[in-house]
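Trainee: Top to bottom, those sequences are chains A and B. First residue of the first sequence: 1, per this note's numbering; consecutive thereafter. First residue of the second sequence: 1, per this note's numbering; consecutive thereafter.
Hints may contain errors.
[Stated by the list, open to error] Just a few of them, taken from the derived set where beta-carbon distance is under 8 Å, the chain A residues facing chain B: (1) Met40; (2) Ala55; (3) Ala78; (4) Thr79; (5) Asp124.
FYI, nobody ran anything at the bench for these hints, they're computed from the structure. Built from N, CA and C at the ideal position, the CB exists for glycine as well.
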Amino acid sequence: MISVNINGKPVAVQAEADTPLLWVLRDELQLSGTKFGCGMALCGACTIHVDGQPARACVMPVSAAVGKKITTIEAVGATPVGKRVQQAWAEIDVPQCGYCQSGQIMAATALLRAIPEPTDKDIDQAMAGNICRCGTYPRIRAAIHKAAGQA
Amino acid sequence: MKRLVCMLLWLGLAGLVQAAPENGNGDGKLFDPVASVVMSPRCINCHQAEAPRQKDSGVMHAQQVVRGKDGHGSAVLHCAACHQSSNTAQGKVPGAPNWHLAPLSMRWQGLDKPAVCRQMRDPARNGNRKSGEQVIEHMKTDPLVLWAWQPGASRTTPALSHEEFIRVLQQWADAGMPCPD
């Protein structure tokens with residue numbers, strides 16, 4: 001058994017130490033809001049927070065999560081910044097197909113916590129690892145500015 | 001006259017001694033095998049100024065990855081967002097403890113072989129390593145250096161084995177870290 005802290009709760013999971021955290025979240029804990037995209041940390045669909053910093057759950061061994069605080073899309077809305085981001089996302093109607101949006105919201109929330117009023121360059125550097133096949137980037141950018149109170 | 005010759009000889013020798021540190025005390029060719037390793041993509045791709053590079057061709061790192069203020073990426077896209085303490089995804093995503101860019105002072109971007117050589121022996125630009133032994137220690141023990149020989153997937157490794165690399169480094173250090181012209 002491996003003990004990890006997910007969304008503020010300690011949980012014990014049956015998994016090999018090198019099992020990607022994403023499989024544990026989705027298959028063991030039924031937290032399926034975090035998506036599988038590429039499996040190689042190239043697309044950002046599986047972005048979660050590890051002690052507040054974005055990380056790709058598809059390449060993170062569950063053993064690396066021990067002793068850390070993991071936050072997923074299911075709980076990020078309980079934080080003030082996460083809630084603001086989700087509201088901005090809804091108001092601007094950012095998603096098209098939606099598949100990448102959990103990762104986008106996780107990355108955007110971490111960005112606004114670190115840089116409350118980001119420039120477009122800050123947004124590019126923070127979000128460039130989160131790919132959107134529908135090309136919703138202009139709306140993502142607008143929503144981040146809106147959540148920051150800049151629009 | 002004899003005194004003048006002696007003085008000229010002495011001045012000439014003094015000039016040689018002064019010039020010696022510029023190129024070390026020995027044969028600059030001793031750096032060639034060292035360079036074959038340290039100038040390989042596995043090393044040089046992260047001894048960069050503002051952003052790491054990828055692949056043997058040294059293309060800019062995808063995802064617009066940047067150095068950031070401490071060499072660990074931008075404020076929100078840290079190297080550790082993807083790079084774990086070991087290679088993952090069947091080796092496709094490289095990893096080693098504390099994955100990060102070499103310090104800015106140790107960048108090799110745009111440097112040729114003689115310049116990399118001079119940088120490696122300059123404590124101000126080699127991580128404050130004041131002797132050849134300290135440079136060798138970095139090459140023997142730093143997890144990111146050692147990763148170059150376990151890079152995962154189909155990445156190429158440096159031209160020499162790690163054991164051979166340490167041997168040629170020792171030869172270069174023993175000769176006074178000479179650099180090619």
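Trainee: Against each hint, give a clear statement of whether it holds in the structure.
Mentor: Going through the hints against the structure:
1. Met40: Status holds, d = 5 Å.
2. Ala55: For A/Ala55, the interface hint holds, since the closest Cβ of chain B sits about 5 Å away, which is under 8 Å.
3. Ala78: Interface hint status for A/Ala78: violated (20 Å vs cutoff 8 Å).
4. Thr79: Since chain B brings no Cβ nearer than about 15 Å to A/Thr79, farther than 8 Å, the hint is violated.
5. Asp124: With a closest approach of 6 Å, the A/Asp124 hint holds.
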